[in-house]
Amino acid sequence: MIRLVPRTDTPALLQGSTPVLAVLATMLAGGLLFAIMGYDPVTAIRTIFWDPLFGPAASYSRPQLLVKAAPLILIASGLAVGFRAGIWNIGAEGQYIIGAICGAAVALAAYPAPEMWIFPAMVIAGAAGGWAWGMIPALLRNWFGASEILVSLMLVYVAQRIAAWMAFGPMKNPEGFGMPGSRNLQQYPAAANPELIVGTGAHWGVVAAVLAVLATWFLMSRHIRGFHIRAAGTAPRAARFAGVKPETLVAFCLGLSGALAGMAGLFEVAGPAGQITDKIGVGYGFTAIIVAFLGRLHPLGILLAGLLLALTYIGGELAQLTLNLPGATVQVFQGMLLFFLLGFDLLTRYRITRRIAA
Amino acid sequence: MIDPVALFLMLLTASTPILFAALGELVAERAGVLNLGVEGMMITGALAGFAAAYHSGNPVLGFAAAALAGALIALPFAVLTQFLLSNQVASGLALTLFGLGLAALFGKPMEGVKAPTMAPGPLGLHWIVWLGLLMVPLIWWFLNRSRAGLILRGVGENHDAAHALGYDVRRVRIAAIAFGGAMAGIGGAFISVATVLQWTEGMTAGAGWIALAIVVFSNWTAPGVLAGAWLFGGVTVLQLRLQAAGVRVPVQLLSMAPYLATIVVLVAISARQKFSRRAGSTAPGSLGQDFHALR
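So the protein sequences, as listed, match chains A and B. Going by this note's numbering, the first residue of the first sequence is number 1, and it counts up by one from there. Going by this note's numbering, the first residue of the second sequence is number 1001, and it counts up by one from there.
The following block holds chain B by itself, in its conformation from the complex:
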């Protein structure tokens, strides 16, 4: 039998990349921006973080570089959606395709080398795991208790009203997009710098898309994102344990579990939002819509 505490610690590690990416996307979506480029920002962060950690020998620098790279790669998306009023769905897809391509291109020289490791934090967990857990209350506090968070939510809920009150809708949204990019970058780097310790093409394997689903699952709240990330982490760990235990199910079918679980969860939560009279969807009112101030 496996020790449940050890299993929970594994779950914390497995859920960290998604937790970061989903918290970042949560902030962007609360500002009214639907960014489907999470996967592209994660893979960019995974590469930039790995390269920086490898060349400097310092994983901390790797995570800083990943945050910066994630925010930078999100810039074209910000320009497209905020200044050129492009469709957010299409622009986000473009960001994902571009990021995956760019990372594959510049990642070639990084193949086959190992990342430097750092001393683990409390309970043998990576420091970034703890940072992720700390981000949950911080972001909850920011969104629900701070003035800046109130403005951000106002922009996401009704951009015309926020504009009429004199808030700079574009600036708030660009900041939210950059924050989302930085968080996704750290999440991606956690995979390459903290767990796999190697760079391989396409190594985020859909984690960015799962993060997007978890934001829907969370009903746009930070604790909800944590619950979603843990659920996902739990399925991943369970699946890996089953593989290791040599269950007579093909590996390829077991490794579908996280994706199928995401679909099941997405369906369950969507159905709840659709049919329940009390628990309606709390999606931000202006989510995914272009903002164009005529005056």
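Chain A extracted, bound-state conformation:
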């Protein structure tokens, strides 16, 4: 018989190695899935995890890595702060969409003014929109005790419908020949979020993502608020006795993660996506949840995890082109990854020993 003994502290090596184990297990299980579906597992895994970086078309796909990683990292750094405190914002997708809409609204209102302030104002509007959307579940939880999990998730569906309404109604491009979708912000220099260094894919969102990683690292390990968040997550009663107000933390964590998700949405709509359409939400808000867990809720881990999941997006697209693998494969991969990750987490929290016969 085996038994589990709770650990009092976790060796650093184990802390870092369980995500790696989870990734390897996902590759194995994914290979199995491909074999069942009738694809060569080795080719498929290589196409997803190796070819985007080092394959024949890598010069095209490598810049995409930062493009896809930036929103994931930006959103996940905010989410991880809340998850540490046991505050579950799972509606980042909605905050992302609302951020994109608010940011684009500034640009569309200013069009075609060439002023320098337009892009910074869009960033602020995007963050404010995401913050406001995140504050709805925060306030409803603080005032009435409503579950922030369910409210934030419901608001994703509401946000998606607002985006569709915007694309077909108020924000429709007047010069778009009746096609749904807003003006393309990439073609409006004062509002565009261009590639900063040619060939790298780095746009302002990448800069913001790096800043977010640094800022959340500082918050969580150097600031008293971060200490309160960690305390509330591990020992809620003790934190309460120490004077930490749960209401403040709920508002802070949902507001912060909402603002970061909103900013991610703005950078996307002003850059890679270009316009508000009914499909502006592409699931970054949900994938970011996996990124946060894969990064063990640690800012640096999130940076690496964001790059890895960005790789699966690009690899998935590549596999779709070259191997005709369905696009949803990546989603399955990401779901499996989270399963394995949570499973292997057992090793960090418990020691496995043989049961000694009494």
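Simulated from the structure, these hints should not be mistaken for laboratory data. Be aware that a few hints might be false.
Unchecked claim - For lysine to aspartate or glutamate, the following DMTMM-like pairs were computed, each having C-alpha atoms within a straight-line distance of at most 20 Å:
1) K1274(B) to E247(A)
2) K279(A) to E317(A)
3) K1108(B) to E317(A)
4) K279(A) to E1157(B)
To be verified - Pulled from the structure, derived: some chain B residues nowhere near chain A, Cβ distances all over 10 Å:
5) L1011
6) L1012
7) G1112
8) L1131
All residues carry an ideal CB built from backbone N, CA and C; glycine is no exception.
Assemble chain B onto chain A, guided by the hints.
Chain B in isolation, oriented as in the chain A frame:
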């Protein structure tokens, strides 16, 4: 004007997927398991049920396959939460993401084909609608009047006490999770096999999340779940009628109604549980907590 009886029959149909999923989740939560994977189990059931009904030509087989698939897809969640002691919130989310991905992957060949239909039951309603209505008293009876239900509630209320009395907490919870999966699977299949008659990616559109909210609304009782499902069904039908009547409100805004209604209801019921001195929350005591027997 619309005939109120016809409207009520439409409401019964519209509320059925949520009713099944929420009744299943009710049983799981009464056993102390918070499974946020309802959406993933529903979409899996929707696909498996549709595929089975399409290939066999028999919708009944479709619903059986959906129940089985829903229970099976819940297994990784059961292993994670019951044996590997993983966080239930995160594991449930993983189940939803995995289920949505898996269904999208295997659903590709099913796009564009039509499901076989079956003869309607009494009052022109689908037999599954009647089955759902029958499940309400059955589950009420099971939870409140049967010995097995008493044990299940004991496990959910205080798992340490139930363990000390010699009940196998894990086995009860795994059974409850599988039942929840089967019910969610049938609910999902009702959408694809009985109402839409087609498979489209992501067709459950948040119904699983609404079901989770309805369990909170119900205050963890079967009649409460029925009331919540009807409320939701009513809003859906009303919204569709308004769309059909050509009200001068954009379709996209009207279709928000079910989600906004869910939030309003959730807030109202949470506030009642928070502020009312008499009506406290009756959430199971061990809901969402890991069970780890040291001995």
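Verification of the hints:
no.: 1; hint: K1274(B) to E247(A); in the structure: 15 Å, holds
no.: 2; hint: K279(A) to E317(A); in the structure: 17 Å, holds
no.: 3; hint: K1108(B) to E317(A); in the structure: 16 Å, holds
no.: 4; hint: K279(A) to E1157(B); in the structure: 43 Å, violated
no.: 5; hint: L1011; in the structure: 21 Å, holds
no.: 6; hint: L1012; in the structure: 23 Å, holds
no.: 7; hint: G1112; in the structure: 15 Å, holds
no.: 8; hint: L1131; in the structure: 27 Å, holds
Comparing the model with each numbered hint stated earlier shows that hint 4 is the single one that does not hold.
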